[in-house]
Each structure stands twice: as structure tokens, then as C-alpha cells.
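The chain contents come next:
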Amino acid sequence: MTKTEKIQRLAELTAGQESTSGASLWKEAARRLRSSKMALIGGAIILLFLIVAVIGPWIAPFSPTAQTWRDEVFANQGKFVNPRAENWFGLDHLGRDLFSRFLVGARQTLLVGVISTLIGLIVGALIGGISGAAATLGGDAGRRVDSVVMRFIDMMLALPSLLLAVSVAAVMGQSLTTVMIAVGVVQVPIFARLLRGSMLAQGGADYVLAARALGIRKRRIVLTQIVPNSLSPVIVQCTLTLATAIIEAAALSYLGLGNPDPAVPEWGVMLSTAQRFFDNAPLMAVFPAVGIIITALGFTLLGEAMREALDPKLRG
Amino acid sequence: MLRLVARRLLQLIPTLLGLSVLLFVWLNRLPGGPASAILGERATDAEVARINRLLGLDQPLYVQYWRFLKRIVELDLGTSVQTGQPVWDEFTLRFPATVELSLLAMLIAVVVGVPLGYLAAKRRGGWLDVSAVSGSLIGICIPVFFLALLLKQVFAVHLGWFPSYGRLSTGLNATEVTGFATLDGLLTGEFDATWDAIMHLVLPAVALASIPLAVIVRMTRASVLEVLGEDYVRTAESKGLHPKVVRGRHVLRNALLPVITAVGLLTGSLLSGAVLTESVFSFNGIGQFIRTAIDGRDYPVLVGFIMFIAMTYVLINLLVDLAYSLIDPRVRVH
Amino acid sequence: MPLLSVDELTVTFTGAHGRRTNRAVDGVSFQVDQGQVVGLVGESGCGKSVTSLALMGLLPSKGVELGGRADLEGEAGKPQNLLTMSRSKLRDLRGRKMAMIFQDPLSSLNPVIPIGVQVTEILERHRGLKGEAARKRAAELLDRVGIPDPRRRLKEFPHQLSGGMRQRAMIAMAVACAPELLIADEPTTALDVTIQAQILELLKELVDQEGTALLMITHDLGVVAGLCDQVNVLYAGRVVESAARRELFAHPSHPYANGLLGSIPRLDAPRGEPLTPVRGSINDRIAWADGCAFAPRCDRYELDCLGGAPGLREPRAAGHQVRCVHPVLHGNGETDDLRTEEVPA
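Residue numbers (this note's numbering), protein chains in the order written: chain A, 1 to 316; chain B, 1 to 334; chain C, 1 to 345.
One should not assume that every hint holds.
Claimed, not checked - Straight line, CA to CA, 20 Å or less: simulated PhoX-like cross-link-like pairs of lysine-lysine:
1) C:K97 to C:K78
2) C:K130 to C:K155
3) C:K204 to C:K97
4) C:K89 to C:K78
5) C:K155 to C:K136
6) B:K244 to C:K130
7) B:K122 to C:K204
8) B:K122 to B:K244
9) B:K244 to C:K136
Think of the hints as simulated: they come from the structure by calculation, not from any bench.
Given these sequences and hints, build the entire structure.
Below, the structure is given as C-alpha cells:
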């Protein structure tokens with residue numbers, strides 16, 4: 001009965017036991033994300049959407065702007081063309097192929113979503129980050145800066161998102177850029193509040209106190225400790241915002257503030273154009289609407305699944 | 001309590017002041033400025049200068065701002081370019097319609113959303129939970145105006161269950177007392193008018209309720225799930241209390257706290273939604289008026305509306321905070 | 001017959017979605033007599049809290065499997081198995097025949113309901129007291145547990161009370177219906193040291209005067225030494241040593257219990273003598289089915305510790321049970337000479 005034998009037997013038996021010592025937050029979150037049905041469906045939808053957005057303009061069977069079947073559609077008489085072998089989604093009021101417009105429009109929709117989210121994220125995170133850093137480590141002066149900035153953010157939040165967007169659009173005129181900026185501006189206060197709140201929560205954590213006690217410079221603490229640990233809600237919000245942005249852009253189009261350029265079909269614009277002919281050609285509205293709903297749903301599902309995966313309260 | 005109200009009201013002042021600065025800057029940045037908005041785009045320079053002098057636009061900016069502010073405080077929001085009527089009068093005329101619509105929408109959202117969210121949490125993972133959660137996710141993803149359009153097409157145009165536009169049927173001769181169509185009927189005894197007004201409200205209110213409903217369902221569900229895991233619920237159970245008491249006194253009461261806050265924050269999106277739904281149903285409220293103001297670049301109306309909405313939003317949230325402090329004793333002390 | 005008799009209690013968390021099952025309590029047996037104070041001692045994760053929740057029927061019904069028996073003496077002296085009892089019958093017992101005091105009084109009291117209501121609701125449930133009668137009794141109870149100005153306190157909310165007062169209020173609720181069995185799950189852990197002593201004093205007084213039996217769940221050997229008649233040491237979901245308090249403190253025979261006592265500072269130890277910690281953590285263990293769960297952390301481990309769980313033996317004295325193949329038998333020149341002296345009271 002040697003000593004090594006004793007240790008070996010024990011090691012074999014201990015190995016059979018489940019280890020409760022944890023994986024890192026991100027690893028654990030990734031594992032839970034993979035096993036989440038919501039994330040799976042959302043991811044699949046987004047993937048499909050991305051593929052269509054990227055290759056859509058190349059695989060579109062017809063030109064999205066050519067009024068090829070102009071003589072078959074008489075919108076003012078309520079005569080439309082429904083889906084058929086040649087035109088899978090039918091024709092719009094000007095005799096254009098709706099399927100081609102749908103494919104090309106996916107890319108525009110994606111662009112509007114991504115760019116307006118980026119605008120909201122960058123500006124909002126900058127404001128929120130400065131405010132949060134000032135509040136956590138800036139002393140009294142920092143807290144004053146923070147409170148002024150937050151008043152401003154509260155003010156922006158007091159405006160209904162649509163009106164904020166309308167105001168921006170009114171100043172900038174009607175264009176795709178306007179829509180992106182208008183939708184992005186609406187997201188600014190949301191991102192700013194989120195990052196600041198998250199940083200404030202982290203700023204009070206013991207590890208920040210420990211870092212300060214070690215004499216690490218404040219700027220370094222903010223950049224290497226507080227910000228990385230505050231990012232997860234922001235990442236979740238980004239995903240959710242992609243959905244909101246696409247829906248808000250559609251609403252702006254409905255209010256007549258969308259992109260007026262007929263050469264660039266976009267789902268929101270297509271939908272708001274189609275609603276005028278809803279009585280006679282409901283399908284014309286249904287295709288872009290379903291496109292918007294499914295895409296928004298994809299981002300929402302993924303965002304929600306990420307939120308659940310990252311929620312420490314739900315771990316274990 | 002009074003001190004809390006006073007302090008919160010004082011806090012409003014800087015917010016509204018800031019907003020007025022923002023709006024003033026915005027007005028000045030508008031392409032062409034008010035002169036071209038009044039005269040149209042083909043106005044000559046001389047005419048523009050005359051109007052500018054008339055409106056005091058040749059004065060230094062701070063003087064202009066001061067006047068702007070004074071007018072807002074006096075509730076003189078200018079004259080609508082579209083109708084030629086004072087903006088304030090236009091609002092007060094249409095305000096009751098929007099209030100009615102928003103209240104009904106919020107009522108639907110709360111009355112349906114809270115029990116649904118609660119049941120979903122209680123039967124977590126069951127079919128009710130799964131359908132409530134997926135339903136609310138889809139609800140958030142449907143553009144409000146498309147939902148309104150769809151409801152109108154199906155229930156008004158095809159099935160004919162509800163009227164498809166307006167606040168009251170055209171043939172109806174209802175006496176107006178308060179401007180609230182449903183209330184007026186009750187006050188004057190014209191119950192058919194009340195019924196008619198309610199029928200007109202149903203579809204727009206349902207469309208408008210979609211987003212608040214979706215948010216409230218998920219919020220209630222998440223909140224109830226959290227509270228169910230709290231220690232004090234276990235304590236209540238350890239006393240052998242009846243499940244009804246545990247649910248009502250210990251779970252729901254605590255779980256509703258975040259939902260109350262959400263209701264306040266949702267008013268913003270409700271008003272955005274009102275602009276869209278009212279215009280789909282030609283429902284003559286503020287929302288539809290704004291829609292036409294956007295089309296007609298009626299800036300005095302837009303400025304007035306934004307100021308008005310911001311104030312409403314802030315006041316509603318003040319009320320919500322007060323309600324919250326009544327329910328949660330922890331807030332009261334501070 | 002004993003008031004409570006727990007026999008081979010097992011609690012298994014099955015986990016959702018076919019995840020690995022986890023047996024938190026793995027065959028715990030102990031008894032509590034009328035008026036007796038029994039300690040359930042062990043480190044975090046040893047299953048002591050789960051045991052108490054299982055007895056109270058407070059574990060979730062989904063994802064948990066219970067095994068064994070837990071018999072509480074019934075009205076006519078007939079034992080009733082708490083584990084198989086219907087939910088409504090169990091609810092009838094809870095708060096009336098057995099009550100529980102929780103660890104953190106702040107989170108265990110409802111923050112938005114006045115203390116008074118939280119006391120009267122239990123009186124209303126089990127005693128049928130309502131309105132002023134209930135409030136009067138509640139005030140008496142608060143007074144009984146040493147809360148000054150009880151009438152005013154009834155209207156206050158938990159956050160307005162200090163930590164010690166909150167725990168007193170919690171105790172008032174637990175004893176409101178004069179239960180025969182009180183289960184206290186780490187009742188002093190969340191409190192300041194000075195308050196801890198007061199709360200323990202109060203518990204002791206209540207137990208002495210009312211003749212209530214107390215099941216004390218704790219990781220704190222000081223609490224055990226001051227309060228308990230009988231002590232059960234838990235490790236990895238099983239009782240590894242069970243003895244009367246003096247016997248256990250004088251002759252801890254399981255290497256784990258021995259290690260626990262060796263790891264706390266003692267006033268009567270010679271200066272400069274180092275404390276000897278128990279190495280490793282509760283995660284370093286093997287399944288009881290394979291042998292002694294403590295073996296990986298044990299200095300006395302030999303190959304014959306493996307191959308099935310060791311049974312309970314009485315190597316020293318009758319009633320002093322030890323689950324160990326190689327128990328520490330004092331007087332062998334082991335680390336025991338100090339412990340033969342007077343036990344701290």
C-alpha cells in the first residue's frame with residue numbers, strides 16, 4: 001500500500017465529482033447563450049437577414065427601380081398585380097418588381113439600423129462614459145459635471161422619441177442620412193444613461209476601491225477596470241436598439257420623413273408607400289412589414305437571450 | 001410628502017428651461033426660418049425682412065429668447081400656420097380626445113398586462129408563459145402604424161365590427177360639455193353617444209396599447225419571478241400563511257413597484273404612438289394634428305406640442321414617483 | 001419519543017433541462033427532544049440550511065426530490081412524516097407547531113409592509129386574532145423579545161429598525177403561536193458581534209422559559225458551545241459526528257470535527273501556538289458511495305477509508321457517534337491534550 005497508490009485512488013474518485021468552481025462570466029454567458037432557444041432562433045434570423053442584405057442586390061432578378069410592367073398596374077383604378085411566377089412578390093403601384101425591391105431594400109434597412117445604432121452608441125457612450133467617470137472618480141466637481149449632463153439627458157428622455165426624430169428631420173431636410181441621425185439621436189440618452197448607471201454601480205465595487213488603494217491612476221482605473229466591466233448591458237442594448245431603429249425608421253417614413261430617393265428602396269419607405277394602397281393591394285404592404293417584423297424580432301430575441309445569459313442573478 | 005412634491009416641482013424648472021433653449025435654437029436652425037414658413041419659399045427678400053422685423057427676428061438673440069420664453073410662460077404658443085388659430089386653442093380643443101385614447105390604451109395595457117405577466121411568472125415555462133413572452137416580443141416588433149392599419153382593415157373594413165375613422169359617427173348629434181366624448185354622453189344622458197365614442201376608441205386604443213402591453217407583461221413577469229425568490233416570501237410561507245395572502249400581500253405588492261415606474265416612462269412612447277395611430281384612424285386628437293403639422297411644416301404647432309408633451313411627460317412621472325412613494329415606505333424617508 | 005426524528009433524509013436537486021443532479025443532503029439522521037437545543041454544525045455547502053428548509057417544506061416543489069423520513073410528533077402523540085404531508089396540512093403546522101428564524105432579518109422581512117402586520121398576520125392565521133386583539137398581542141410579543149416602545153414599532157417598516165431589532169421582530173413572529181419546535185438558521189450571522197450575544201441570550205431565555213425545542217443551524221462553534229445540548233456535525237450532506245455538547249468539545253473524534261475545533265483560536269492556548277486550518281475546501285470531496293467524503297482533506301486518510309461510506313460507530317462512549325474508519329481517539333498523544341480541560345460554558 002504505497003503512498004502514490006493512495007493518492008491516485010483518491011484523485012480518480014475526486015475527478016468524478018462535479019467542480020463548482022466557476023468559469024469566467026463571459027465563458028459562462030457564452031455557454032448559456034448557446035443552449036438558449038431564443039438566441040438560436042434570433043441568431044438564425046439575423047444570419048439570414050445579413051445574407052440577404054449582402055447578396056440581395058446581386059441576386060435580385062430585376063432592377064428595383066425599372067417600371068418594367070408599368071402598363072399592367074393601374075393604381076388609381078385599384079388594379080394591381082399579385083405574386084406570379086415571374087414576380088414572386090407581385091408588382092408595386094408603378095409596375096416595379098416587389099421581390100427585387102425587397103432584396104435590395106434589405107441592405108438599406110440594415111444600413112439604417114446599423115448606422116443609427118452606431119450614432120446612438122458612440123455619442124451616448126461618450127456622454128454616459130464621461131458622466132460616469134466624473135461621478136465615480138471625479139470628486140465634488142465631477143459629481144457636478146455628472147448632474148448637469150444627466151439633467152440634459154433627462155430632458156432628451158422627456159421628448160417622445162418620434163418627436164425628437166421629427167425635430168431633427170425638420171432641421172436637416174429629407175434624406176437617408178436624416179433618418180439615420182434622427183433615429184440615432186433618439187438612442188443617445190438611452191445609451192448614456194445605461195453606461196453611466198452601469199459605471200456608477202461598478203465604481204462603488206470593492207475591486208475599484210482596491211485598485212485605488214494600490215495607487216493606480218484614476219484614468220487607468222476607469223479605462224481598464226470600470227469600463228470593461230460596465231459594457232455588458234451596453235452590448236445587450238446595442239442588439240435591442242438594432243430592432244428599435246428599424247421600426248423607428250419605418251415610422252419616420254410613414255410620417256413622410258423617410259428617404260425620398262426612389263432609387264434606394266428601403267422596407268420602411270416601401271411599407272409607408274404601400275399603406276396608401278392597402279385596400280386593394282394588401283400584399284404590397286405585407287412583404288416589407290413582415291420583413292421588418294421578422295428582422296426586428298431576430299435582434300430582439302438575440303438581445304433578450306444575451307441579457308438573460310449575462311444576468312448574474314440568473315446564473316447557476 | 002409636500003416637501004417631496006415641492007422639491008420635485010423645483011427640479012422641473014431647469015429641465016424645462018433647458019428644453020426651451022433647445023427649442024429656441026432648433027427654431028433658429030430651421031431652414032428658411034419662420035419667415036419662409038409663413039410666406040412660403042418664393043418670398044422676396046424685402047418681404048422676408050418685413051416679416052422678420054414684425055416678428056422681432058432682427059433683435060439680438062437673447063432678446064428673442066427672452067420673448068420666446070415669456071410667450072411660453074404665458075401659454076402664448078403662437079398661431080398655427082395651417083388653421084390660423086392660436087396653437088393653445090387648437091391643443092385644448094383636441095387634448096381630451098388624446099387623453100381619452102391614451103388612458104384607454106394604458107388601461108388595456110395594465111389590466112391585461114399585469115395579470116398576464118403574473119400568471120406567466122407563476123407558471124414559468126408553461127404554454128401560457130411561452131405564448132405571453134413570445135407574444136410580447138412580437139408586439140414590440142410590429143410597427144404601431146402597421147398594426148393600426150391591419151386592425152382597421154380587418155375589424156373595421158372587412159368585418160365591420162367597429163367604425164374605421166373619427167371620434168363619433170357623423171350622423172350623431174352629441175352635445176359637447178367637457179370635450180371628452182365618452183363623458184359627455186354620460187353627463188347629458190345621451191348614452192348612445194357614449195357607446196358610439198367607445199366603439200370609435202376601441203381599435204385605436206388596442207393598436208396604441210400594443211407596446212405598453214408588451215412591456216408591462218414582460219416587466220411584471222420578470223418582477224414577479226424576482227420577488228418569488230426573495231427571502232421575505234419564504235418567511236411568509238414559513239408562517240403557514242394561505243397562498244392567497246402570500247400572493248396578494250407579499251408577492252404582488254412588491255412586484256408591482258417597478259411596473260408603476262414603467263407606466264410613467266411609457267407615457268412618452270404612448271404619445272409617439274398616438275401621433276401614428278390617430279392619423280391612421282383619422283382620430284381628431286393632438287396626434288393627428290401633429291401629423292398634419294409635420295406635413296405642413298407648421299413649426300409653431302410643433303414647438304408648442306413638444307413643450308406641451310415634455311411637460312405632460314414630466315408631470316406624469318412626478319405623479320408616478322409620488323404614487324411609488326406611497327407604496328414603498330423606503331422612499332418616503334429620504 | 002422525540003419531538004422531531006429525522007431519519008436518512010436526502011434532498012436531491014434534479015435541476016432543469018436534464019442538468020446534473022446534486023445531492024445536497026445525503027442521509028442525515030438526528031433527533032430533537034421536547035425542550036432540547038440541538039445544533040447542526042458545518043461549513044457552507046454542507047447541507048445544513050437545505051435540511052432546515054426541507055423540514056419546513058420550504059423547498060421548491062419542482063426540481064427537488066426528498067427521501068427518508070422526518071417525523072414530527074403529532075397532536076395525539078402520533079408521528080407525522082413532514083416530507084410526505086399534503087401542502088395544506090403542512091401549512092397548518094408551519095408557524096403554529098414549528099417556526100423558523102432566518103439568517104438575514106433585513107431581506108427576510110417584507111420591506112413595504114409594517115412590522116405590525118407581519119406579526120399580526122401569523123396570529124390571524126393560526127389564532128384567529130383580528131384587529132385590536134391581534135395588535136395587542138403583537139405588541140406584547142414585541143415587548144417579550146425586548147423591543148422598546150412596541151406600540152410605535154408596530155407601525156414602522158423593517159428599514160426603520162436596527163439589525164438587532166429586526167432579528168428580534170423576526171423572533172417575535174416565530175414564537176407568536178408558541179411553537180413546539182423552533183428552527184433557527186444562522187440567526188446571528190448577519191449581525192454585529194455585540195448584537196449576536198444579545199440575540200443568543202434572548203433565544204436561550206425563550207427556550208428555557210417556554211420549553212420550546214430549538215434546532216440551531218450554524219457554522220459558528222461559539223454559538224454551539226454557548227447554547228446547544230446536543231451537537232450534530234455535518235459534512236457533505238451527512239452527519240459525521242453526533243454527541244452531547246461537553247463530550248464533543250472535549251473529545252472531537254471525527255478528523256473533521258477535530259480539525260474544526262483546532263482551527264478556532266482559544267484563550268487558554270499557549271502563546272504563539274499556530275492555528276491549524278482544515279486544508280482544502282468542501283469542493284475537494286468524493287461521493288459517499290465511494291468512501292469517506294472527507295478523505296481528500298484528511299490527514300488520517302488510508303486506503304480502507306474508500307469503498308463505501310463508513311458507518312456510524314461509537315468508539316469512545318455510548319451516544320457519541322462517529323462516522324470514521326480512523327477516528328481521533330484522544331489519549332493517544334494526538335492533538336487532544338488541551339481539550340480535556342474545562343469546556344467553555
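Hint check results:
1. Simply put, C:K97 and C:K78 have alpha-carbon atoms about 14 Å apart, close enough for the 20 Å limit, and the pair holds.
2. In summary, the hint linking C:K130 to C:K155 is supported, as the alpha carbons are separated by about 16 Å, within the 20 Å threshold.
3. Note on C:K204 and C:K97: the hinted pairing holds, with a Cα-Cα distance of about 19 Å set against a maximum of 20 Å.
4. For the given pair, C:K89 sits about 15 Å from C:K78 by alpha-carbon distance, which is consistent with the 20 Å threshold.
5. The suggested pairing of C:K155 with C:K136 holds, with an alpha-carbon distance near 13 Å, which does not exceed 20 Å.
6. The straight-line distance between the Cα atoms of B:K244 and C:K130 is roughly 18 Å, inside the 20 Å bound, and the hint therefore holds.
7. Only pairs whose Cα atoms come within 20 Å are accepted, and B:K122 paired with C:K204 is rejected, the gap being roughly 40 Å.
8. Taking the CA atoms of B:K122 and B:K244, the gap is about 13 Å. The hint holds against a cut of 20 Å.
9. With a C-alpha separation of about 25 Å, the suggested pairing of B:K244 with C:K136 is violated against the 20 Å cut-off.
Hint compliance for this structure: hints 7, 9 are broken, all remaining hints hold.
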